[in-house]
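Colleague: Sequence:
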Amino acid sequence: MSDILASLYPWILAFHIMSVISWMAGLFYLPRLFVYHAEKAKKGDQLDQTFQLMEYKLLKVIMGPASVATWVFGLLLVMTPGIVDWGAVWPYTKAAGVIGMTGFHHWLMIRRKVFERGENTTTGRQFRMMNEVPTVLMVLIVISVVVKF
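For the sequence shown, my numbering begins at 1 and goes up steadily by one.
Don't read these hints as lab results, they were simulated from the structure. C-beta: ideal position from N, C-alpha, C; glycine also. Hints are not guaranteed to be accurate.
Restraint ranges, calculated between C-beta atoms of paired labels, are given here [unchecked claim]: (1) 43 to 128: 36 to 44 Å; (2) 42 to 83: 15 to 23 Å; (3) 10 to 40: 20 to 28 Å; (4) 87 to 50: 50 to 58 Å.
List time: in silico DSBU-like cross-link candidates among lysine-lysine, alpha-carbon distance up to 30 Å [claimed, not checked]: (5) 40 to 60; (6) 57 to 94; (7) 57 to 40; (8) 113 to 43; (9) 57 to 43; (10) 40 to 94; (11) 42 to 94; (12) 60 to 42; (13) 113 to 60; (14) 42 to 57; (15) 60 to 43; (16) 57 to 113; (17) 40 to 113; (18) 94 to 43.
Please take these sequences and the hints and turn them into a complete structure.
Modeller: This is the structure:
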């Protein structure tokens, strides 16, 4: 198995990067949709229905598959011999960042269901502030992997 992973390393890395980009696009865009949904739509109106459809599709069609692919390809990279130095700090800070990103994704899924039930009380300003969470986590993850402290 190790030999196969080593020989496929460039492909696994390429697919990991592509899936991360797709996942991050959704993690940046969905809170922005929530901002406009919270500020512009009224429960049950046409705009509310449009936002709900957009949010659902973004989560189910793009973000869900991209997050799963990110995890699968990331775990394959972790299992590839010579890629991770477990004596360094960076694998653990990266793992914490990815787990945090996954937690944020799940928080967004819960928020979408709250909108679906017509029970949202989170303001546009609060969603704007939460929109910074994936940026902070991305900085942690990228610095961990590139600088390898």
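Colleague: All hints, please: hold or fail.
Modeller: Going down the list of hints, with the structure as the test:
1. 43 to 128: 36 to 44 Å: violated (21 Å)
2. 42 to 83: 15 to 23 Å: For residue 42 and residue 83 the Cβ distance comes to about 51 Å; the hint is violated.
3. 10 to 40: 20 to 28 Å: At roughly 45 Å between Cβ atoms, residue 40 and residue 10 fall outside 20 to 28 Å, so the hint is violated.
4. 87 to 50: 50 to 58 Å: holds (51 Å)
5. 40 to 60: holds (23 Å)
6. 57 to 94: holds (28 Å)
7. 57 to 40: Between residue 57 and residue 40 the Cα gap is close to 20 Å, so the pair holds against 30 Å.
8. 113 to 43: Cα-Cα ~13 Å, so holds.
9. 57 to 43: holds (19 Å)
10. 40 to 94: violated (37 Å)
11. 42 to 94: violated (40 Å)
12. 60 to 42: holds (23 Å)
13. 113 to 60: Holds, at roughly 13 Å.
14. 42 to 57: Roughly 20 Å between the alpha carbons, so the hint for residue 42 and residue 57 holds.
15. 60 to 43: Answer holds: residue 60 to residue 43 is near 22 Å, not above 30 Å.
16. 57 to 113: holds (13 Å)
17. 40 to 113: Satisfied, since the Cα-Cα distance of roughly 18 Å is no more than 30 Å.
18. 94 to 43: Roughly 39 Å between the alpha carbons, so the hint for residue 94 and residue 43 is violated.
In terms of the numbered hints stated before, the structure departs from hints 1, 2, 3, 10, 11 and 18, listed from lowest to highest.
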